[in-house]
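Protein chains: 4
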Amino acid sequence: MGDSFGHAFRITTFGESHGAALGVVIDGCPPGLLLDQDAIQAECDRRRPGQSKLVTPRKEADRIEILSGLFEGRTTGTALAMLVRNEDADSSKYDDLKDLYRPSHADFTYDARYGFRDHRGGGRSSARETVARVAAGAVARQVLQSRLPGFDCVSWVESVGDLVASVDPNAVTRDAVEATDVRCPDPAVAAAMIERIQAVRKARDTIGGVVGVVARGVPAGFGDPIFDKLDGDLGKAMLSLPAAKGVEIGDGFRGTHLLGSQHNDPFVPKSGRIGTTTNHAGGILGGISSGEPIVVRVAFKPVATLFQPQTTVNTRGEPVVFAARGRHDPCVLPRAVPIVEAMMCLVLADHLLRLPVPHRR
Amino acid sequence: MGDSFGHAFRITTFGESHGAALGVVIDGCPPGLLLDQDAIQAECDRRRPGQSKLVTPRKEADRIEILSGLFEGRTTGTALAMLVRNEDADSSKYDDLKDLYRPSHADFTYDARYGFRDHRGGGRSSARETVARVAAGAVARQVLQSRLPGFDCVSWVESVGDLVASVDPNAVTRDAVEATDVRCPDPAVAAAMIERIQAVRKARDTIGGVVGVVARGVPAGFGDPIFDKLDGDLGKAMLSLPAAKGVEIGDGFRGTHLLGSQHNDPFVPKSGRIGTTTNHAGGILGGISSGEPIVVRVAFKPVATLFQPQTTVNTRGEPVVFAARGRHDPCVLPRAVPIVEAMMCLVLADHLLRLPVPHRR
Amino acid sequence: MGDSFGHAFRITTFGESHGAALGVVIDGCPPGLLLDQDAIQAECDRRRPGQSKLVTPRKEADRIEILSGLFEGRTTGTALAMLVRNEDADSSKYDDLKDLYRPSHADFTYDARYGFRDHRGGGRSSARETVARVAAGAVARQVLQSRLPGFDCVSWVESVGDLVASVDPNAVTRDAVEATDVRCPDPAVAAAMIERIQAVRKARDTIGGVVGVVARGVPAGFGDPIFDKLDGDLGKAMLSLPAAKGVEIGDGFRGTHLLGSQHNDPFVPKSGRIGTTTNHAGGILGGISSGEPIVVRVAFKPVATLFQPQTTVNTRGEPVVFAARGRHDPCVLPRAVPIVEAMMCLVLADHLLRLPVPHRR
Amino acid sequence: MGDSFGHAFRITTFGESHGAALGVVIDGCPPGLLLDQDAIQAECDRRRPGQSKLVTPRKEADRIEILSGLFEGRTTGTALAMLVRNEDADSSKYDDLKDLYRPSHADFTYDARYGFRDHRGGGRSSARETVARVAAGAVARQVLQSRLPGFDCVSWVESVGDLVASVDPNAVTRDAVEATDVRCPDPAVAAAMIERIQAVRKARDTIGGVVGVVARGVPAGFGDPIFDKLDGDLGKAMLSLPAAKGVEIGDGFRGTHLLGSQHNDPFVPKSGRIGTTTNHAGGILGGISSGEPIVVRVAFKPVATLFQPQTTVNTRGEPVVFAARGRHDPCVLPRAVPIVEAMMCLVLADHLLRLPVPHRR
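Chains as they are written, first to last, in my numbering: chain A, 16 to 376; chain B, 16 to 376; chain C, 16 to 376; chain D, 16 to 376.
Bear in mind the hints are in silico, worked out from the structure with no lab data behind them. Hints should not be assumed to be uniformly reliable.
Where chains are identical, the list cannot tell them apart; a pair therefore holds if satisfied intra-copy or between any two copies.
The list that follows gives simulated cross-link-like pairs (lysine to aspartate or glutamate, DMTMM-like), each with its CA atoms no further than 25 Å apart [to be verified]:
#  : residue 1 : residue 2
1  : Lys113    : Asp220
2  : Lys217    : Glu80
3  : Lys74     : Glu333
4  : Lys285    : Asp60
5  : Lys217    : Glu102
6  : Lys108    : Glu210
7  : Lys217    : Asp53
8  : Lys285    : Glu102
9  : Lys285    : Asp177
10 : Lys68     : Asp183
11 : Lys108    : Asp220
12 : Lys108    : Asp196
13 : Lys285    : Asp167
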């Protein structure tokens, strides 16, 4: 189990890095939505490898084919399936991985869980799986846009190593994000990040960082206490991403350094609705959206694949030395940006459709 | 929706701070377990208010009554229900909260979500709800102990404001945690934390911090990729707790400052199994347990209830000034310790029972 | 697992025949409903034993206590829990059942499933469990009534053995059903049924039959193809009842004797909506309600408990002879009537709340 | 919602009659199973149209492509996706259906549910959707065979109209079923059925009937009371099939004509296990398998598509006359046989994998 996510807008993904295809089925997409297929493809293109010199040159067209759930351009309300064929999948170069466990990869734990493993490019554990999430997230985004005027979701690279950008979640735009290869909307820090990533690559090493994401235009009232709080579902969504090791809502860990009198967000009247002057809470109170921007940050560990020798063990438990070859990102952060947006949209579309009655605020 | 958590070991909780009772039903508890009811009560007693001068003096016996699912001391395998009657519930003192929205509480968002709200002590959004989680978590712990020799789960207060303890997740014991009122196993820092909390209380303010938790003795192989990864489920579990705003697995956000060559955990043979020399990953790789200790940290924002005047709005959206009265913790961290342990045990019991075949490692 | 039913209006029941209590938690009850608690009690009273000379004289007050989810008379939208304490539970008389498997009871299969069994009065497998369903069904009915003007649900005894009543699902009323002890609205057949049941009881035997149920006032559009069709969910609901062994939608098995030209229901304009002249389909087409009355029939096998000697085996697999003592119904049909209504209401409330947008027909 | 079925062995299907493709994703298939792909294709071939003169001549190769979840011939334990491309899909001939509601079809109710409908060949409501179930059912069967020595599942046509075959569920074989075009293992009745179906077709009419199915070799202990009883899940499975309007477990409706002393199945020792001398219960007691053959019957209404004029309404609610053209079965029963087997296998595989511990009987 585990290939599905969401309740009312529920996705099931399938596919391995070097199998025939990857894809996703959406169960619960509302009927009658005029689907912008180009927008779906565009999101997948943002995630695609080979876009800049910062990321892996693996060449994949990642053409999205819609197999079902669409009639005369509109969603039917029944299962919407999307498919991406694998193309650039030369598995032979993974043969030497068959009998060893790469450090900090899922090789060992997949064997422990399943007694068995597709070793080609990580198999099901490959980050290539996220193409299906991005396609589904693009549909979720259109669902949200069709029902929430002013809905917007923007993600960015907030930090790479100790280089931290200054980004205002209330104002950041996709254009500013896309303006640099590293997808950091703070130009000066972006330049330093690019330099750092190239230095790290040259050193045959890798580096992690933090991705931020904001959803604006979400009204108050999204989220289902006790256990399906919006923060909980966002946490699960983000920590289900490859290499994600931390998640914060609003001020998160930094907020623990504040006193209550500093952290509390005072309510005030705001042009026809109730809002807050600050947003330490990241737009969620008691697990329910407050109407303020929903702000989340996700920590990604450095890429586990290194082009330098590392000690590890083989499948018989004997020590071996291993150095990766092939095509790998030194830093996943730029490509994580559309993926994190997709997860935000998937969670919000799910909660939009969980609202049992028309939303009143 | 939202009152349930888990798949194979599934809990449904109910109850409000000032209603008749709180409780939980466990669906999926394995049959034949000789249940230690005193141990369940003991866990709830750890969570209970009034245990030290650091926490709220609200007096609740919190006696757990088992209503079903137990026969001759053993679990039957069918619904196990537990009940806690509310006793010290004087609702009248909440009357002045009826028409206003307390800052950084769930009053406003519950009204937005449900169009309606039980204002007495936070109603369903009260942290008092966690007594049901702790009772269920105590059952989950016994399930784990009965099947995993050497299973152990310990939580502690890692930081209060900027006071950070030094704690070794591999070695920390419950005795060391319980040795101080603040439940921090680092005695020197614990003393400073206690002093800080008392100062904050005197200033009519509140303070947050970080709780750490470790599960030891979990074999490799727990966790269901892609979406029910162990990290994702732990993230959801922890972020469903009142006041939780961040969660980390292993090195989490700090790990983003490391290079891949520093963060990777080398595999080595370890007394009959495969292990790692370091544990930056926090015991989880690819969403599946690695056999190393599972280490999680949870950020709790400062308590929202202040005994000092704050500006806010009433339910008509008009500005008002509000200062809390009554009994409230200046810092939830010490009482969060058993709750965080409960959530860890609930997630692990769920994944233990999701394993389709007897576990082999 | 298995103690829960429904998706958007989800119930979890607990309790055994001779444990402390039975109860139910409803997750997903819409907020703001002014709950008629007397109506809930009245439904449970209809199910209660000891109402007539046809049914078991076990004396249970079956007082429903609402534990949570209600504030100032209205549902809060969070978990609504209801409790019924067991009173007349003399378990000692079940001691001789401990070591044998009663024919056609669940004793043997519970041992096979759980390795363990509460032998007192059937434990969790007792039909007493249905009191929790009836309480929840009464809430579901109020949800439906509050949103569907003209909603109505009536159940009746359609046959006892080979005595078959003539009942018009379009017209049958609860008053007509309650007019006889056997709850059959066809007075002549009802008299024969009563006579038959008493004769069967005198012969220390038992008898089965069929219960019919109709829901009127359900608009077209309820039901979620492919797998959550209304017929499928009704089938699961009804076949989850103790002693139920068959279920029909509309003409069901008899409809297989008709040709397509006889079975098809012609569409016609009907006072502002589209309807059908006949209703062989039982109000469901393609798994979705058509706006016509939803008609279901449920077959109940004869009660398994006989007051005459039967051969069976003990728990060691050795042949023994067994004759039941105590208090048991010779025919469950009359008491099944409110239970079948409850299941119909639970399924319909669930599908009402699964409709993602306000219903348009 | 509604495109998924099962909990531990969970399928999600997609696709329409005249869309690009149909398919299924299995979440929860156990890892390490050496999959017989020819056996999957063979089951789909049994369901395929055009096999005999009794069924629709629509020509579809229905080639199954496995997209994921398989590595070196073995299941990986992660999402197993299978695809069938549509080929013989000439949609133009459905243009005249766009604006009317065919009697007893799902046209009207889909419009009511979704506000929108793919009118080509029934769209998602087409029975063509069942090809995905059959493919998944063939995998489920292999899961069952790999773990239950002696497992066997056979389905047959039990009646067509009032022609009822005599079939012994304990002994019936697939060979006997496949020996006649109508898939009835009682040769004399089979001949009469074939004659009847041809007469009905000549009369431009259609006819329904009953399909029986048995699963043998299922040990005692499958099924999860209270709500996920084996009978309930089988009922839901069968009533989710197109045109299914009734389901019986064991004696079902006929059993209501028996007294308890006739219907009870006496337990006896049976070669190393406990069994029963008769099997009125159809192999299920208290919702749990007893170890005896599991016997289910499903009523299918006559096909709704008639080649004779019928009165109905158009989408504006105005009366019109309609006669179908094209390719349609006069009787779905023969092709329902592999589909009913598939649903039985899907339910049993799901419950096999829900058993939390190795099965002991």
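Within a copy, between copies, both or neither: where do lysine 113 and aspartate 220 come within 25 Å Cα-Cα? Intra 23 Å, inter 58 Å, cutoff 25 Å: intra-copy only.
Can you tell me if lysine 285 and aspartate 167 fall within 25 Å by alpha carbon in one copy, between copies, both or neither? within (19 Å within a copy, 45 Å between copies)
Classify it for me, lysine 285 with aspartate 60: is the Cα-Cα distance of at most 25 Å met within a copy, between copies, both or neither? neither (38 Å within a copy, 44 Å between copies)
25 Å Cα threshold - placement of glutamate 210 relative to lysine 108: Result: close neither inside a copy nor across copies, 30 Å intra and 60 Å inter.
Intra- versus inter-subunit Cα pairing at 25 Å for lysine 108 with aspartate 220: Within. Shortest intra-copy distance 21 Å satisfies the 25 Å Cα cut-off; inter-copy 61 Å does not.
Go through the copies and call it for lysine 217 and aspartate 53: within, between, both or neither, with a Cα cutoff of 25 Å. neither (37 Å within a copy, 50 Å between copies)
How do lysine 74 and glutamate 333 come out at 25 Å by Cα distance, when the copy is not named: within, between, both, or neither? neither (35 Å within a copy, 57 Å between copies)
With 25 Å as the alpha-carbon cut-off, assign the pair lysine 285 and aspartate 177 to within, between, both or neither. neither (37 Å within a copy, 34 Å between copies)
Classify it for me, lysine 217 with glutamate 102: is the Cα-Cα distance of at most 25 Å met within a copy, between copies, both or neither? neither (28 Å within a copy, 52 Å between copies)
Since the copies are identical, ignore which copy is meant and state whether lysine 285 and glutamate 102 lie within 25 Å (CA to CA) inside a copy, between copies, both or neither. Neither: 52 Å inside a copy, 40 Å across copies.
At 25 Å max between alpha carbons, let me know whether lysine 108 reaches aspartate 196 within a copy, between copies, both or neither. neither (29 Å within a copy, 52 Å between copies)
Indicate which option fits the pair lysine 68, aspartate 183 if close means a Cα-Cα distance not exceeding 25 Å: within, between, both or neither. neither (27 Å within a copy, 41 Å between copies)
The earlier numbered hints that this structure contradicts are 2, 3, 4, 5, 6, 7, 8, 9, 10 and 12.
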